[in-house]
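Given the coordinates of chain A, assemble chain B onto it according to the supplied hints.
2 protein chains.
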Amino acid sequence: MSAQPKSVTAAMIIIGNEVLSGRTQDKNLAFVAQMLGEIGVDMQEARIIPDVLETVVASVNELRARHDYVFTSGGIGPTHDDITADCIAAAFEVKLEKHPLAMQALQAHYDAQEADFNEARQRMARIPEGASLIENPVSTAPGFKIDNVYVMAGVPKIMQAMMENILPTLKGGETLSSITVTSSIPEGSIASEMGALQQQYPDVNIGLYPFYSAQGAGVSVVARGRDVAQLQAVETAIKAHLATIGAPLVDRPKAIASQ
Amino acid sequence: MSAQPKSVTAAMIIIGNEVLSGRTQDKNLAFVAQMLGEIGVDMQEARIIPDVLETVVASVNELRARHDYVFTSGGIGPTHDDITADCIAAAFEVKLEKHPLAMQALQAHYDAQEADFNEARQRMARIPEGASLIENPVSTAPGFKIDNVYVMAGVPKIMQAMMENILPTLKGGETLSSITVTSSIPEGSIASEMGALQQQYPDVNIGLYPFYSAQGAGVSVVARGRDVAQLQAVETAIKAHLATIGAPLVDRPKAIASQ
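These protein sequence lines map, in sequence, to chains A and B.
Residue numbering for the first sequence follows my numbering, starting at 1 and increasing by one per position.
Residue numbering for the second sequence follows my numbering, starting at 1 and increasing by one per position.
The shape of chain A in the complex, shown without the other chains (with noise of 0.2 Å):
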């Protein structure tokens, strides 16, 4: 049995009237945290919140005295409502200054459009001292990172293509992979059995995921860990236990992944 080693964490904060009003569907949680699961970062939290400056840099010097590293999203476009930079400003107590290089980025994205860079598109260009910029591919007006915090756009377009550059800049820890099985049984027939292997496993995750689609219903197993052949063993231990009960197996993807 190895060594714990120190896992490397991340929090999420997502900024927007219109989700939390349930206007708007986040998509952007999934993604980075999917993205993060890949080079072994763990998220650990989230939380969505309005557009109110207090509100945003309370959360944002919580988070990031208790995370590895933390990713905002929404609140930077070119709108009064848009207060995201002012609020990192805020928490890390520095200025915010139109920086040069996002100013001339801009001038030029408005200029190729012939659309007239104004003051409100100026706004954009707002970056804490201090900060570096996260390009944007898709709309120019870049994203910041701050110490550990890294400051994104809302809409998901932009936002996927922020995290990608992002991405080979993180620290990772140590990967998890994963094993799944799926059966058309209800999750209440085999918890007890689940649980006793859970604790006979104490260094695998054991969840148990029901779901109810218009195929039928079922419960997904996963179990996620740093031991393969520990994986393997519960995934024969998790079969062996289905066939014993004359439970059917049932297709949904996923054998050993990284998670």
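It is worth saying that the hints were derived from the structure and are not from the lab.
Given the structure is predicted, the values throughout are model-derived calculations rather than measurements.
All C-beta atoms, glycine included, are put in the ideal place defined by N, C-alpha and C.
Among the hints, a few may not be true.
To be verified - Far from chain B, some chain A residues (derived; all Cβ distances over 10 Å): (1) 53; (2) 54; (3) 61; (4) 64; (5) 80; (6) 107; (7) 111; (8) 112; (9) 129; (10) 130; (11) 174; (12) 239.
To be verified - Computed Cβ-Cβ distance ranges for the label pairs, DEER-style: (13) 196/A - 167/B: 36 to 46 Å; (14) 215/B - 171/A: 35 to 45 Å; (15) 171/A - 229/B: 55 to 65 Å; (16) 239/B - 65/A: 38 to 48 Å; (17) 215/B - 251/A: 53 to 63 Å; (18) 129/A - 211/B: 28 to 38 Å; (19) 168/A - 104/B: 55 to 65 Å; (20) 98/A - 217/B: 45 to 55 Å; (21) 31/A - 61/B: 29 to 39 Å.
Positioned in the frame of chain A, the structure of chain B alone reads:
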């Protein structure tokens, strides 16, 4: 101008490693927030947290002190990783006991299916002392309410059914109305004017939401407020400005509607 009524606020806690890891996409926040919006309850923050006792207890205690209502989803099934009931009992420092009515309903449910009401399934009848049950017409295992905390299932179909049962028991606040004007122009081209409009109408909340779809890009301007006459004035002003700059209106539903 009417005196500012006390607003009724809510928070949501989404419990589950599978949502945090990106394996499962949460759909419950949007549903709950929209339903609450219809009765004038304002969703002010949401957290997505793992199945970890200390984290759930701390989040519940922090948010129930701060909001009129707290809603949780996830972690009330039959498996070893379903620990929400334990967490709520710990947060309120009360015992967790098998509730006779829940036991009875579940026994009848599994009898009818000729399925075993085993020890794992009996876990779903464990309810914190002093809590009242929230009926589950989909799969019987109840949610529960203790003080201002409503504990619901994570499976959307079940959560929605529980929420339908909860809604008539809540005390709502004053509802907001909203207008939406959508145009196929970039948000940056009207951001300054909309910011000025916001200053002119401080009692109305004006937000700009850019969109990018296969049909093209654009921006929806959404104004929310209590005073319908003010909202109509804001709508007229937005449309007048769009007409001035020759920006076409495009169809996206929602006239003056309860948000």
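Here is what the structure says about each hint:
Every CB of chain B lies more than 10 Å from the CB of residue 53/A, the least distance being 14 Å, so the non-interface label holds. Chain B leaves residue 54/A outside its interface by the beta-carbon criterion, the shortest separation being 12 Å against a cut-off of 10 Å. With a cut of 10 Å on Cβ distances, residue 61/A stays outside the contact zone with chain B, its closest approach being about 15 Å. Every C-beta of chain B lies more than 10 Å from that of residue 64/A, the closest at about 16 Å, which supports listing it as non-interface.
Residue placement check: residue 80/A does not keep its beta carbon more than 10 Å from all beta carbons of chain B (closest about 4 Å). No beta-carbon of chain B is positioned within 10 Å of the beta-carbon of residue 107/A; the least distance is around 13 Å. With a closest Cβ-Cβ approach of about 14 Å to chain B, residue 111/A is found to remain outside the 10 Å limit, as its non-interface label requires. Even its closest Cβ contact with chain B, about 14 Å, leaves residue 112/A beyond 10 Å, as expected for a residue assigned away from the interface.
The non-interface label for residue 129/A is consistent with chain B: the shortest C-beta to C-beta separation is roughly 24 Å, beyond 10 Å. The beta carbon of residue 130/A is kept farther than 10 Å from every beta carbon of chain B, the shortest such distance being approximately 26 Å. For residue 174/A, the shortest C-beta to C-beta distance to chain B comes to about 16 Å, beyond the 10 Å cut-off, and the non-interface label holds. No Cβ of chain B approaches the Cβ of residue 239/A within 10 Å, the least distance being about 18 Å, so the stated non-interface status holds.
Taking the beta carbon of each, residue 196/A and residue 167/B are about 40 Å apart, inside 36 to 46 Å as hinted. For the hinted restraint 35 to 45 Å between residue 215/B and residue 171/A, the CB-CB distance of approximately 41 Å keeps it satisfied. Distance hint check: the CB atoms of residue 171/A and residue 229/B are about 56 Å apart, consistent with the given range 55 to 65 Å. A hinted range of 38 to 48 Å holds for the C-beta pair residue 239/B and residue 65/A, which are about 47 Å apart.
Restraint check, residue 215/B to residue 251/A: a C-beta distance of roughly 35 Å breaks the suggested window 53 to 63 Å. One distance hint, 28 to 38 Å for the beta-carbon pair residue 129/A and residue 211/B, holds here, with the actual separation near 33 Å. At roughly 58 Å, the beta-carbon separation of residue 168/A and residue 104/B lies within the given 55 to 65 Å, and the hint holds. Between residue 98/A and residue 217/B the beta carbons are some 25 Å apart, a value that contradicts the proposed interval 45 to 55 Å.
The hinted window of 29 to 39 Å between residue 31/A and residue 61/B holds, with their beta carbons roughly 31 Å apart.
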